[in-house]
Amino acid sequence: MPSILDRERTVAPPGYNRWLVPPAALAVHLSIGEVYAFSVFKGPLVTHFDSSLTAIGVVFSIAIVMLGLSAAFGGTWVERNGPRKAMVVSALCWVSGFLVASLGVTTNQLWLVYLGYGVIGGIGLGIGYISPVSTLIKWFPDRPGLATGLAIMGFGGGALVASPLTSELLGRYADAPEDAIAPTMLTLAAIYAVMMALGAWVIRVPAADWAPKGYTSASAVVAAARRPGLGVGGPADMSANQAIRTPQFWLLWTILFCNVTAGIGILEQAAPMIQDFFADVDATEAAGFVGLLSLCNMAGRFVWSTTSDTIGRKPIYAIYLGVGAALYLVLSLAGTSSVGLFVVTACVILSFYGGGFATIPAYLKDLFGGFQVGAIHGRLLTAWSAAGIAGPLVVNAVADAQIADGKEGADLYTLSFTIMVGIMVVGFIANALVRSIGAPAAKPAASAEAEVKTES
Amino acid sequence: MSEEVKPAGTQSAAIAAVALWVIVGVALAYGISETLQKVTALFG
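Residue numbers (this note's numbering), protein chains in the order written: chain A, 0 to 455; chain B, 6 to 49.
You may find that some hints are simply not true.
[What the hints assert, rightly or not] Chain B regions said to be covered by chain A (calculated; three or more residues, Cβ under 8 Å): (1) 15-22; (2) 25-36; (3) 39-45.
Source of the hints: derived by calculation from the structure; they are not laboratory data.
Here a beta-carbon is modelled for each residue, glycine too, at the ideal position from N, C-alpha and C.
Chain A extracted, bound-state conformation (with noise of 0.2 Å):
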């Protein structure tokens, strides 16, 4: 007898409708992008341990890397037993993770953190962040650019929510931060948990011959060779082990560690870099600019993942790489000449960073199928742990060697960006570089419609 939490306890009846899907992606995503928050904690959690800014920093970078190997090792596993088991196992690590963490404030047990909030919370954000992937691309095959747009919205906008709410439990708690610290933890995990076990009740898969009204793998055949260069067309349904043997996925893999690399030279910097380009930003106003990138990241996962449904995905990335790379070369020559411009490029790019994470499931659709996307995109996500660990090393090591050179002020950046000009060249060049796999794609469409013809 199947258990409540099995894929096959999930199928949507018939007549089910689509749009009571997406808000359970959203749900476990609004939930676990509270890492990109993290950083509220860190003064706090300074203070309380008496450590330094990197040992703290190391919590979150243990966090990272466990995302990406958890959503590389636990992607086929999500395949096999269905978007409600892998909520619930996500929920049950990340709410865990939340807990032990405060256990470790409270007895002041730094290693108790790594473990909890680091570690078991990591392992929670990788299981979670490709829970509903495949589940919203079944759902929504006619527009998988705007299903997966619309579920990593959410954890962009996770950090949105998490970061007030967190500031204010931390006032709320103690008159200190950092005696605040373990309760905060503890009703955020209570939020979390709430909120994640209703994503897992809500979420359905489609029934195995369910497809949205009109739609025909034929359908999708002749609008793909309508829009020359989409990449759609792969032999479809491959499994994730052959996926990753084929060049097309590691050509991906490097598009987004590009993207993300060059999205975290700016993210990783952004409140100290405005105040070093303009000496009259003060720091409200800083705070705001770190917002505003929050928001442009937020809104380029929905606005440019659904865009791609139109022009295509591999246009989509010569747009986010190849124009990126030319607003980094403005922020580099031309950053300084005014505020509005350094702020308005800055928000272009990372509304790209956004949209290079929400666009990447569509794409690997496109080419490899259905059948494991959520597996491959797991394995794909070692690029953002690889990105998470080489983007702030960078970043950093070029702005020490830049202040050892007696440089100030935007001079600080100018490397840094020219650095990302390179690195956002050899996305651009991996991505013109990406080919269908298979002929469907290459049909002219007239051929392909004939084929609908002949099937219907």
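Please arrange chain B on chain A, whose structure you already have, making use of the hints.
Just chain B now, with coordinates in the frame of chain A:
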């Protein structure tokens, strides 16, 4: 979308899904409004 939920047993999940749309909408609105308050400092 004109589809409707038919079989028994999924109605409560459908209602919960609508409620979840509202919850995530309110949460995002809270996050965005708090962020915009900070942003106004930049351009204010």
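Hint by hint, here is what the structure shows:
no. : hint  : verdict
1   : 15-22 : holds (count 5)
2   : 25-36 : holds (count 8)
3   : 39-45 : holds (count 6)
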